[in-house]
Each structure stands twice: as structure tokens, then as C-alpha cells.
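Residue-level listing of the chains:
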Amino acid sequence: MTEQAFLSIIADELMLDSTKIELDTPYRTLPTWTSLNSLLVVSRLHEETGSMITAADLAKFNTLAELYSLISPK
Amino acid sequence: MSIYKIQGGTIRSIVNLIPENIKDNLEEELIPVADRESLVAHTGIRYRRTFPMDSVTTTELFIQGISNTLHTLQWDASTITAIVCVTQTPETHIPAVSCLLHNAFNFNVSTTCLDINLGCSGYVYGLHQTLGLLQNQLEGKGRALLCCGDITSKLIQNDKTSIPIFSDGVSITAVEFDSNNEDNCSPFFFNLETLGSGHTAIRSEFVDNKEVMRLNGIEVFNYSVQYVPKHIKELLASVNAEDISLVILHQANKLINDAIAKRLPIPNAEFPSTLFQYGNTASASIPITLVDFLSKNKPKTKHLLLSGFGVGFSMGSVVFTLDSTVHFSIIEFPTDS
Numbered sequence: 001m002t003e004q005a006f007l008s009i010i011a012d013e014l015m016l017d018s019t020k021i022e023l024d025t026p027y028r029t030l031p032t033w034t035s036l037n038s039l040l041v042v043s044r045l046h047e048e049t050g051s052m053i054t055a056a057d058l059a060k061f062n063t064l065a066e067l068y069s070l071i072s073p074k
Numbered sequence: 001m002s003i004y005k006i007q008g009g010t011i012r013s014i015v016n017l018i019p020e021n022i023k024d025n026l027e028e029e030l031i032p033v034a035d036r037e038s039l040v041a042h043t044g045i046r047y048r049r050t051f052p053m054d055s056v057t058t059t060e061l062f063i064q065g066i067s068n069t070l071h072t073l074q075w076d077a078s079t080i081t082a083i084v085c086v087t088q089t090p091e092t093h094i095p096a097v098s099c100l101l102h103n104a105f106n107f108n109v110s111t112t113c114l115d116i117n118l119g120c121s122g123y124v125y126g127l128h129q130t131l132g133l134l135q136n137q138l139e140g141k142g143r144a145l146l147c148c149g150d151i152t153s154k155l156i157q158n159d160k161t162s163i164p165i166f167s168d169g170v171s172i173t174a175v176e177f178d179s180n181n182e183d184n185c186s187p188f189f190f191n192l193e194t195l196g197s198g199h200t201a202i203r204s205e206f207v208d209n210k211e212v213m214r215l216n217g218i219e220v221f222n223y224s225v226q227y228v229p230k231h232i233k234e235l236l237a238s239v240n241a242e243d244i245s246l247v248i249l250h251q252a253n254k255l256i257n258d259a260i261a262k263r264l265p266i267p268n269a270e271f272p273s274t275l276f277q278y279g280n281t282a283s284a285s286i287p288i289t290l291v292d293f294l295s296k297n298k299p300k301t302k303h304l305l306l307s308g309f310g311v312g313f314s315m316g317s318v319v320f321t322l323d324s325t326v327h328f329s330i331i332e333f334p335t336d337s
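Protein sequences, first through last, are from chains A and B. Going by the working numbering, the first sequence opens with residue 1, and the numbers climb by one from there. Going by the working numbering, the second sequence opens with residue 1, and the numbers climb by one from there.
These are calculated hints, taken from the structure and not from any lab test. Think of the CB as a built atom: it goes at the ideal place given N, C-alpha and C, for glycine as much as any other residue. A portion of the hints provided could be inaccurate.
Unchecked claim - Partial selection, computed: residues in chain B whose CB lies under 8 Å from chain A:
1) Asn136
2) Leu138
3) Ile218
4) Glu219
5) Phe221
Make the full structure from the sequences, and use the hints.
This is the structure we're talking about:
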């Protein structure tokens, strides 16, 4: 998945303008980052990539780039 | 996998009790107004049924359900061989709820009583234990009552993650067994499994001496989607999946249930949901959804798959053929507010 596709999914699930978010954005500061919306992000990324982001990952990391690193091929 | 086969038992009735009181997630004050429609769309849950705090106990609901069951089937209390209770909201942990029910109905001293501490997988585990108790007794025949369900609302006061999801409800399933009639009864095939590593996904803790339930939505989703389809597929390997016309999943939420259903190779089955009108009623969600469907529809066959999953992380699934003479009902239990 490209960075652009990843950011587009994040924007879609959080109902945000994709031009307003970047990989170095701390996701917890996004205005629509709620427990339900974080679940929607996890669910959609699993649907699109097969990768699972855990609750521990979300607690440990800070930026969207760190989440992207979890789902992009090494 | 852990596959069990039990033959000779029949479900005679399923009586469900839900609170009369309806809560609307579009009016839930704990949720910001702007988030309410999205919450309903993604969880699938619009309405919930809850009892006012401390207005009724789980045991009182079971008593009402058992009275209705015995009356409907014209069964005398003296003919009951076993009572199995599945609940995580007993009013006290000592004594067991099944013993309180034994006292309430003055059952025989020979009536076996057993409580099981399980949540969303509990109906399937309870059915397995109920049938197993009857099958293993020397006489080889008897009647038993499976009582399952919770008043979950008392564990989630002011928790905005859990409140929009959970409802209260209980269910009484009456089972009859006759080992001499095995040839006329289709078998029940069970798969009962556990992933203890997922025990933190749903747990309770004490806050100010009060027990509260904590739900980690992402962990529940991850465990459900990663492991439940595999668990069900293991059971399907023992039966003919094409014969299954109805799959009743535990009503967790729409996101989880859709993700599981999509991964199951059961081409001819319907997957009914009662999330919209009843929410997640924990271990009672399977019998409530089954009865709701049967009261409105006629399935192509009565070859069913039931699957419960959740607290533990515990998973239980069963495939069987529902007897065509089964009685079923959903009763609204009066509430004060």
C-alpha cells in the first residue's frame, strides 16, 4: 500500500480532508480520533492489507508514519 | 480444535426475556451528538434494552423464564434432571444461581445444578454441558433447563465505550434427552476452544468497591476476526456446510459480525442480526436472535450453526438440526422507567 493510499484510508475513516493530514501527524491529536474511529481505522487497514494493528500498538506509537510502518511490507 | 458429538437430545423450547425499557443510541447523552449516527451505522446498534439499576436480579429473570417454560411444555418441576446456569452477573457469587433456582422451584434433590462463568460464548458451552449431563447419566434420558444471560448494564455505568453496545436479557432453553431415541435425533457437533492470551480484551475490575466491565474494542475485533472464522471452519470440516441454512453469530457488533461472516464458506446460509433492535445481549444474544428470526421467517432447512465468542477469549460453536416442534418466545419484562 502506498503512503498516499494509507493517508486516504485514514482520512476516509476519520472523516477528514486528506490534504490536512501527513505521515508525521500524531494521530491522537486528530479531532475525530475516537475509540470507535480508531477501531474503524484498524478494521479498514486489516481489510485492505491483512495486517492487524493492536491496541498495544496504538498506545505505544504516536504518528501515522509508525502505524504505516506496521502495515507496509518490510 | 476440540470437536464433540452428542446424539439423542432435542431442544423443546426457547423462552427469552428482555426488558420493556428501550434506550435509543441516537439520544445517548454520553455520546457527542455529531458521533451518534456514525456509531449506529458502524456498530449496527440503534436500540438497547436495559433494566433500571437494581430493579431486578438475574435469578428473578431466570425464575420468570423457567415458570413460563414449565407452563408452556406442561412439564412438572419434579421431572427436571439438571439445571445449568450461564451468567456473569449473579447478584452474589455464593451460592450458585442454579442452587437458588433449585430452591425456588423445590426441584428434586436428584436435580443436578451447575453454574458456568462465561459470557458471549456461554450459550454454546451451556448447551454442550446440558446435553452432556443428560447423556452421561445412567438412565439415559431426562429433561434439563439451560438458563443463560446477564444484566450487563449494571457493570457499565457511565462507560461510553460499553454503554452503546450492551443490552440486558436472559434465555431459558429446555432440552430433552432419550438415548433410546438416538436414531431419530440428529447429532449436535460442537467445537469448544479458548485463547487465554485474549483475556484482557474484556475484563472486570473493582473501582470504589464496585465491579465494572472494561471492553477493549480493538482487541475484541482483532481476536474475533483472526480466530473465530478458523474456529468455525474447523467445525464445518465435520459436517456438510452446504446443508446449513442459518448461521446465528453472537451479536457483538456489525463491524465484527460482518467481518466474520465474510470469511465463512457457507454459501447458502442466512446470517440474521438483531443488533439494531436489541444490541449485544451477551450470552443470550444467540437464542434471542434465533427466536427473533424463527418468529418472522421460515428457514430453508432447520440445519443451524450457532457461534459464540468473546470474554476469555472463549469460542464455542455448534451445528445441529432444530426440531420442528420447538416452542419459542420473546417476552418483554416490565420495567419501572
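Verification of the hints:
no. : hint   : verdict
1   : Asn136 : violated, 40 Å
2   : Leu138 : violated, 49 Å
3   : Ile218 : holds, 4 Å
4   : Glu219 : holds, 5 Å
5   : Phe221 : holds, 6 Å
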